[in-house]
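Once you have looked at the hints, place chain B on chain A.
As given, the protein sequences belong to chains A and B, one line each in that order. For reference, each letter of the first sequence is one residue, going 1 to 575 in the numbering used here. For reference, each letter of the second sequence is one residue, going 1 to 332 in the numbering used here.
These are computed hints drawn from the structure, not numbers from a lab. Be careful, since some hints might not be right.
Stated by the list, open to error - Derived, one-sided and incomplete: chain A residues facing chain B with beta-carbon distance under 8 Å:
hint	residue
1	Pro468
2	Ala474
3	Gly479
4	Ala555
Computed from a prediction, not measured in an experiment: that's the story for all the values here. Idealized CB from N, CA, C, for every residue including glycine.
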Amino acid sequence: MTASRSPIDPASLLDRIASQRGLARQLWFLPLVFLGVFFFYPLVRILSVSLQLSLVNLEALRKIREVLAFTLYQAGLSTLLTLLLGLPAAYLFTRFTFPGKALLRALTAVPFMLPTVVVAAGFNALLGPRGWVNLGLMALLGLDTPPVPFVGTLGAILVAHVFYNTTIVIRVVGNGFSALDPRLVQAARSLGAGNLRLWWRLILPMLRPSLLAAGTLVFLFDFTSFGVILLLGGSGFTTLEVEIYIQALQMLNLPLSGLLSLIQLLCTLAFSILYTRGITAARRLASARARRYQQQTAQGWGEKLFVSALGSLLVVLFVLPMLALPLRSVYRLEAARGERSAVQTGLTGQYYQELFINRRDSLFYVPPVQAALNSLGYAGLTVVLSLGLGYPAAYALARPSRPQRILNTLVMLPLGASSVSLGLGYVLAFNQPPLRLLASPWLLPLAHTTLALPFVIRTLQPSLASIPERLREAAATLGAPPFQVWCTVDWPVLWRATLAAATFAFTISLGEFGAASLLARPEYPTIPVAIYRFLSLPGGLNYGQAMAMATLLMALTTLGILGIERVRPGDAGPL
Amino acid sequence: MLELLDIRKSYEGKPLLKGISFRVVEAETVCLLGVSGSGKSTLLHVIAGLEAPEAGQVRWEGKDLARTPVYRRQFGLVFQDYALFPHLNVVENVGFGLKMHSLAAGKIEQRVAEALELVNLSTFADRDVTELSGGEQQRVALARALVLRPRLLMLDEPLGALDRTLRDHLLGELRAILHASRIPAIYVTHDQEEAFAVADRVMLVHDGEIVQRGAPKEVFEHPASAWVAGFLGLGNILPGQLLDERHAETTLGTLELQEPPKAGLGRPVTILVRPERVHPGEGAALKGRVADVIFRREGFQVTLEDGFYFFSGAPLSIGQQITFSALGELLA
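For reference, chain A alone in the conformation it holds in the complex:
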């Protein structure tokens, strides 16, 4: 019965990797080292560079105050509007059944994962100067200029933020609603509370933790918003994120950029802590629940009006921009201000064909389709890297030893870091020996891996933790060597989570704009970078190509999101 093991026997090698104290569980320091080099080291570089800025620089201080004030102002306003729409929407989804509910719910969830450039392009296609509404009105009324100002207004920023984050309020506050024990409402009614007092004295206080949690999270996302401000706000508005980008790339003032980044990171950290507290409080209230509300169709004209009006509003908000984009990408509308005088309006495939052509006057050294190939390549690399690092981390965290527990906190930190700051950190950290990587096409996938890693680990870990150790022991006593134990016990449970994690990593990399805008080399643009460049160029053809690329990106991302929803086990998400 002696085990004869030669070191080159592949089966026994796999067994050594998979065994209880095997290689896979020994590699937990790899993600730690990776985060050290590609997350914490860049942050330290930001800190040290920002300290070079002399604080008596009044000009800089005034700039910082101005930018910070606007960042807080727009985030606060956006959050308020999002809550104003999200609260009734959450009520709608938890209390009522109506035709098309499942579809509408899915639709409201899609924007959250959509790349900012796609959302910006969508609103641009609907309300921008070359969008459906403006060109339609111009044709209808015979105007020379677009009548509806949208791009470049505060309104555009607010609408896009509401569009993005309403789903958070619907989910978080919706959970609060369904955790509300209907017997409490019955009790309040029997004690003589009318409708108004019921809301004021019972429902709103019970919802407060989830409202706070949702509000903080929405505020956090609005605070760190980059693509929306840059693409829809135009040059008139700068938030911290945008100013970091401008100072670093256009003013070449790295110390100021670093200081802004530092402020940004500290604010993010503070809001994250607030959010964690809020969500904990919300869960505590929810754990006391006993029964769930029966969902029902609207009764009486008041409820019917509420359901149909709010439902329509949500459809308009969530469907129109996402519909305007693909339609605009295959439909030529340019009639006015002739670059080509006799252009006909109508269906066209030209914008897509144009993607494969390298024009002389193009800003690219490569045809736009190359940007798509770059993005796909980067996304593929991100999947491989983040799974390669995420697996050992998830295994270590499933049954952590004491030193491994710090990993739990550390791997989640990139969730709070803004991607522009990360990009800036990379610029500062990897432009000098020993890590002169700035010219390397590997740098962007490494940044994307840092951003995707928390999602990957949070997706893998619950699945892994759901596998009872007993099952592995049972398989072993029944004669299964370690690798076979992994194949027969772990993999049947893990494959779904693995697929979901891979899709997460893929879509995150594909749509990531902040870091890419700082790190993508001119000769290696990614899809979002290309869309941004097209949108900032004049001419209907460039605009059309931006629409075409954004449509492709939207399609890929939506497929990814739907895929994740299908394979993800249970309701547990990284949110």
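For chain B alone, kept in the frame of chain A given last:
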């Protein structure tokens, strides 16, 4: 066949197994009996090879198994919560081990059918294990271990999760199956009735050590210590002082002893008084006041003010002062 030599193991710095040694021979069922947390399950894990002992040896037919990994030991283990694979159905669960040993498909089918027959589950072959009742799951787990014809079978609280009636029924089946297969077995439980019903030999585990071993009758009749007598619930345990060869002084009065003591008089001793050896009667030597009376199967359980209890054919009234005689046994 199986031999354990001075097995030691600690958990989070505290000793859990403090030198366990015993043997199991062919067709013998040995029962490890003890409270939960006494290290019984850990011992099974050590024997199975799932955990390594810090000291000591696990031997099979004289050969040390330290370098034989769990999947080559050919020891079957039935887990406390069965640990059935939820993504496989009944047949696939039972056939799992045969597949790991690369048997031909036809052969697997045949042996799985036999095993299911043995545990009376033939009609459940295609069911999902998640839709089975506790008792049915337990049988699947047993079939899954038996189908491999293991050299040794270990059962960790196999009936622990089941209700009383089902437990008694399955206990009978289990005994029959173990005896018919002649596979040496180690049965771990905290339930003494289960242990006495199934075991050829019982080993009482307390605080990481085997405090008594022997046939059920022997253990029952001659508990080795006050702890054993208390754990088995054999009766009242009293401190006392030896007066002479046949008598001891206790708080209740002078007590008659069943057998003479081995050592000198006047020393403090611990005495077991089984309730069935207590007889109320006029003018007897022992006395006490009745604190509680409960009707039980064995008769009226009378509890005196200091907790001493016995059974009486007739109810006594609470508060009543009574006298009684009793026969005590000296404990080590």
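Hint by hint, here is what the structure shows:
{"no.": "1", "hint": "Pro468", "verdict": "7 Å, holds"}
{"no.": "2", "hint": "Ala474", "verdict": "4 Å, holds"}
{"no.": "3", "hint": "Gly479", "verdict": "4 Å, holds"}
{"no.": "4", "hint": "Ala555", "verdict": "34 Å, violated"}
Hint violations for this structure: number 4 only, all remaining hints satisfied.
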